[in-house]
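Please model the complete structure; the sequences and the hints are all you need to start from.
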Amino acid sequence: MPPLRNQATEIETLYRKHGSALLLFAIAIAGERSRAQDAVHQVFLKMIESGMLARAADAKAYLFASVRNALLNDAKGRQRHVQLENIPLEDAAIWFSPPDRDYAAELSLRRALAAIPEDQRAVTILHIWGELTFAQIAEVLDISSNTAASRYRYALARLRQAMITKEGFCGTF
Amino acid sequence: MALSEDERFEQYLKKFQPLAPEPLPDVEMARGTRRSLVLGAWAAAAAMVVVAAVLLLHPLPKSGYPPHGAESTTRVEPLANSQALTIGAANTLLAHAPSAKAAVDGVAAQAFQSHSISLSEGRQSALAVLSKEKTKL
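Same order as they appear, the protein sequences are chains A and B.
All residue numbers for the first sequence refer to our numbering, where the first residue is 31 and numbers rise by one.
All residue numbers for the second sequence refer to our numbering, where the first residue is 1385 and numbers rise by one.
It is possible that part of the hints are untrue.
Said to hold, decoys possible - EDC-like cross-link-like pairs, simulated, lysine to aspartate or glutamate; straight-line CA separation at most 20 angstroms:
no.	chain 1	residue 1	chain 2	residue 2
1	B	1399	B	1389
2	B	1399	A	79
3	B	1398	A	136
4	A	76	A	130
5	A	106	A	40
6	A	106	A	68
7	A	90	A	136
8	B	1398	A	42
9	B	1398	A	130
10	A	76	A	88
11	A	90	B	1406
12	A	90	A	132
13	A	106	A	42
14	A	47	A	104
15	B	1399	A	132
16	B	1399	A	104
17	A	76	B	1406
18	A	106	B	1410
19	B	1399	A	136
20	A	106	A	88
21	A	106	A	136
22	A	47	B	1389
23	A	90	A	172
24	B	1398	A	132
25	A	76	B	1389
No lab work stands behind these hints, which were simulated from the structure alone.
This is the structure we're talking about:
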């Protein structure tokens, strides 16, 4: 198999493996599923065309950073930044497939994520669903590892508080 | 070892599975489409250059009328001078004319020419027949 074909296959494998977390991360930044999906596709197609993945030391971190950059560039072009807390989440498409089809809990989690500051939301998604270490998150968001860890602790406390008080999830985890 | 509250909450959050993205567009198809678009653009540009070069070398006449002296290319050859414009002659002209306009021109030219031609006995010109007819409107 030629090297380019090999690389395309590798990239498609990465898409299958990390696509869901990348899409979630993109939705958390863009606020819209369609824009998020476009950004993720754009990153992967560009990588296949250019073969840039071969030069990345950490492919997973590189993917998340690329999606974030694509969305920030898109927002610059449109000259508008979506504030997630201003979006009516009840009408928006769901972000997660919830355990036991508990869609009330899914909405509660989306609301809680939308309510925390964007930088904390990004760290939380990258760590829990992206399964990135704080060192990798630091690389993606261009912050220190300590800052990433600190933001995560704050975010987790706020999420737990929101989900316990609003929906009474105390006994479920 | 018991899990801390944070760890238990993390485990709970991980039960929420992010939705799968839409499948990646067919890379080969996307690449092929892009390549064909580029090739199409180059082909169109080359064709325009060729057309421009041909027009520069052989400019078209400015109006729709043929240039003076070039009339014979579209004009119907009139019938032999000895032949007057009969219905049959007019049919022949129409049959051989390259266009309707050329046919009408040919018929008209022949008609005017035929005024000076003496017809043999028993033959009449088409114009003479038509002028004798009484048309009821």
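Consistency of the hints with the structure:
1. 1399/B x 1389/B: Roughly 16 angstroms separates the two Cα atoms, so the pair holds.
2. 1399/B x 79/A: Given that 20 angstroms is the threshold and the Cα spacing comes to 35 angstroms, the pair is violated.
3. 1398/B x 136/A: holds (12 angstroms)
4. 76/A x 130/A: violated (37 angstroms)
5. 106/A x 40/A: violated (31 angstroms)
6. 106/A x 68/A: Between residue 106/A and residue 68/A the Cα gap is close to 16 angstroms, so the pair holds against 20 angstroms.
7. 90/A x 136/A: violated (26 angstroms)
8. 1398/B x 42/A: Roughly 24 angstroms separates the two Cα atoms, so the pair is violated.
9. 1398/B x 130/A: holds (13 angstroms)
10. 76/A x 88/A: holds (17 angstroms)
11. 90/A x 1406/B: Holds: residue 90/A and residue 1406/B sit about 19 angstroms apart, inside 20 angstroms.
12. 90/A x 132/A: Violated: residue 90/A and residue 132/A sit about 30 angstroms apart, past 20 angstroms.
13. 106/A x 42/A: Violated, because 29 angstroms separates the two Cα atoms, which is more than 20 angstroms.
14. 47/A x 104/A: violated (25 angstroms)
15. 1399/B x 132/A: Roughly 11 angstroms between the alpha carbons, so the hint for residue 1399/B and residue 132/A holds.
16. 1399/B x 104/A: Distance ~31 angstroms between residue 1399/B and residue 104/A Cα, so the pair is violated.
17. 76/A x 1406/B: Holds, at about 17 angstroms.
18. 106/A x 1410/B: violated (29 angstroms)
19. 1399/B x 136/A: holds (11 angstroms)
20. 106/A x 88/A: The hint is violated at about 27 angstroms.
21. 106/A x 136/A: Violated - the C-alpha atoms of residue 136/A and residue 106/A are around 31 angstroms apart, more than 20 angstroms.
22. 47/A x 1389/B: Judged against 20 angstroms, a Cα distance of about 29 angstroms means the pair is violated.
23. 90/A x 172/A: holds (15 angstroms)
24. 1398/B x 132/A: Roughly 14 angstroms separates the two Cα atoms, so the pair holds.
25. 76/A x 1389/B: Between residue 76/A and residue 1389/B the Cα gap is close to 42 angstroms, so the pair fails against 20 angstroms, i.e. violated.
Hint check: violations occur at hints 2, 4, 5, 7, 8, 12, 13, 14, 16, 18, 20, 21, 22, 25; the rest are consistent with the structure.
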